[in-house]
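Engineer: Sequence:
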Amino acid sequence: MWWDTPGGDTVVLLKRPERTTRRLPTDPPAADDQRLTKTGCHVEIQRPVENLDLATVNAEIAWVFLPVDDDAAGMLPKDAIEFNARVYEMQGPAVVERVDGEAVQVWCTAKWEQG
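So in numbering that gives the first Met the number 0, spot 114 of the sequence shown is number 113, and the numbers just go up one at a time.
By construction, these hints were calculated from the structure, which means they are not laboratory data. Keep in mind it's a predicted model, so treat the numbers as computed, not measured. Accuracy of the hints is not assured; some may be wrong.
What the hints assert, rightly or not - Taking CB as the label site, the calculated pair distances span:
#1 Asp-99 with Arg-34: 32 to 38 Å
#2 Asp-69 with Arg-22: 30 to 36 Å
#3 Arg-97 with Gly-7: 18 to 24 Å
#4 Ala-58 with Lys-14: 21 to 27 Å
#5 Arg-34 with Thr-55: 27 to 33 Å
#6 Glu-43 with Glu-17: 28 to 34 Å
#7 Ala-84 with Gln-33: 17 to 23 Å
#8 Leu-53 with Pro-92: 30 to 36 Å
#9 Thr-9 with Glu-101: 21 to 27 Å
#10 Thr-55 with Val-95: 33 to 39 Å
#11 Asn-83 with Gln-33: 19 to 25 Å
Think of the CB as a built atom: it goes at the ideal place given N, C-alpha and C, for glycine as much as any other residue.
All chains should be modelled from the sequences, with the hints used to inform the complete structure.
Structural biologist: See the structure below:
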């Protein structure tokens, strides 16, 4: 079907391990991110720059549309998406979009920030 691949972009899903209790905040994480490359995605950058009072914060909001699979549908706020050498932090859980009851794509909203 035409919606099996929402677009021509390639992204990397960064599935982060469940939080573990560390003795100190500076202790290293217990495990590395799981990196999952996904093709057939569509990425839309919504806002390139934010101004906050006297400082300028560079930020981008990305809408990422992924083919439907368990990895994409399981994206959580603790996870991230890498695209164009930037890591976009998830802003909420992934949403499976449906047309006539059939899952057609997974929608993620994520944010990159520097400043």
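Engineer: Find the hints from earlier in the document that the structure breaks and name them by number, from lowest to highest.
Structural biologist: none
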